[in-house]
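> Using the hints, position chain B against chain A.
Quick mapping for you: the protein sequence lines, in order, are chains A and B. The opening position of the first sequence corresponds to residue 1 in the numbering used here, with each subsequent residue numbered one higher. The opening position of the second sequence corresponds to residue 1 in the numbering used here, with each subsequent residue numbered one higher.
Keep in mind that a hint or two might mislead.
Said to hold, decoys possible - Keeping only pairs whose Cα atoms sit at most 25 Å apart, straight-line, the calculated SDA-like set for lysine to any residue is:
1. A:K55 to B:S14
2. A:K35 to B:V21
3. A:K127 to A:I109
4. A:K35 to B:E156
FYI, nobody ran anything at the bench for these hints, they're computed from the structure.
There are 2 protein chains.
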Amino acid sequence: MAECPGGESKLLVSKIREGTVIDHIPAGRALAVLKLLNPPRGARVALVMNAESRKLGRKDIVKVEGVTLTPEQTAAVALIAPKATINIIKNYDVVEKRRATPPRTVKGILRCTNPTCITRKPGEPVKPKFKLVKEEPVTLQCIYCGTIITQEEIVEQLSGQT
Amino acid sequence: MAECPGGESKLLVSKIREGTVIDHIPAGRALAVLKLLNPPRGARVALVMNAESRKLGRKDIVKVEGVTLTPEQTAAVALIAPKATINIIKNYDVVEKRRATPPRTVKGILRCTNPTCITRKPGEPVKPKFKLVKEEPVTLQCIYCGTIITQEEIVEQLSGQT
Numbered sequence: 001m002a003e004c005p006g007g008e009s010k011l012l013v014s015k016i017r018e019g020t021v022i023d024h025i026p027a028g029r030a031l032a033v034l035k036l037l038n039p040p041r042g043a044r045v046a047l048v049m050n051a052e053s054r055k056l057g058r059k060d061i062v063k064v065e066g067v068t069l070t071p072e073q074t075a076a077v078a079l080i081a082p083k084a085t086i087n088i089i090k091n092y093d094v095v096e097k098r099r100a101t102p103p104r105t106v107k108g109i110l111r112c113t114n115p116t117c118i119t120r121k122p123g124e125p126v127k128p129k130f131k132l133v134k135e136e137p138v139t140l141q142c143i144y145c146g147t148i149i150t151q152e153e154i155v156e157q158l159s160g161q162t
Numbered sequence: 001m002a003e004c005p006g007g008e009s010k011l012l013v014s015k016i017r018e019g020t021v022i023d024h025i026p027a028g029r030a031l032a033v034l035k036l037l038n039p040p041r042g043a044r045v046a047l048v049m050n051a052e053s054r055k056l057g058r059k060d061i062v063k064v065e066g067v068t069l070t071p072e073q074t075a076a077v078a079l080i081a082p083k084a085t086i087n088i089i090k091n092y093d094v095v096e097k098r099r100a101t102p103p104r105t106v107k108g109i110l111r112c113t114n115p116t117c118i119t120r121k122p123g124e125p126v127k128p129k130f131k132l133v134k135e136e137p138v139t140l141q142c143i144y145c146g147t148i149i150t151q152e153e154i155v156e157q158l159s160g161q162t
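Next up, chain A with everything else stripped away, as it sits in the complex (with noise of 0.2 Å):
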């Protein structure tokens, strides 16, 4: 960290050699994506909430060392940020760039939100399972039992607030 040439109150996030970098957060749920990301103890975070954005408006950004996404987490970002850009890190510059989008099915991620559905009850041996019927914003459907999962009820489930 350091300050940027005349800049008071201006803060300078210094370069990280590995990492991942996501852009084009949707503004307020950086902290999600941030609990997705999981980064090691000790590993360097930087974490930007309601920048200004051409495309977005406002936008999070949310930038970690030493995390390189595996496949899971990338499905889970997608659905918390169906718009984002993922940058992947390596010797200070970025050697890959992802779109992060939504994928087809989800299985094991999250799950149903009817207390009735045959993957909540006790010792019945079905994993939830959804399929993506909607992209923006990414609504979710129940195989089982066809409930809808919105938008708002996958950030809530994936940053642990239920």
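What follows is chain B alone, placed relative to chain A:
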């Protein structure tokens, strides 16, 4: 948010007109501090974890727009981050620097960890009250039952992990 010249993966966090910057937070406690500040919806927030620091080795920094700390918030920040510096920003400049000093007595913010303490009994009109017995790490003692509250327990309670 803008890129700083010459830095592909640097984040430059733009200035805020009014707000608070809390620097020298012990590494790993930024999210707990952010939770205490409870920034208004839509406020610009920047958070850096595990930045390099000459004083602390590693430190966290939190910057929030539109938040001026109440005395209760200042006390709570001091309990989590006893060495933090609190900079108040007005009109893009730092107009006041405060040091987060743990208060000598703490009322109402925390609860006693002893489940049989009188302050935990339903129906008893006795509010929790602690005296400061050590500043670094912050250690408190319940004035009713003598139970010691450690720094870790304070951080846990104030970041809502209990």
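> Take the hints in turn and mark each one as holding or not.
So, going through the hints one by one against the coordinates:
A distance of roughly 18 Å separates the Cα atoms of K55 (chain A) and S14 (chain B); the hinted pair therefore holds under the 25 Å criterion. Our distance criterion of 25 Å between C-alpha atoms is met by K35 (chain A) and V21 (chain B), whose separation comes to about 23 Å. With a CA separation close to 10 Å, the supplied pair K127 (chain A) and I109 (chain A) stays within the 25 Å bound. For the suggested pair K35 (chain A) and E156 (chain B), the alpha carbons sit about 17 Å apart, so the restraint of at most 25 Å is met.
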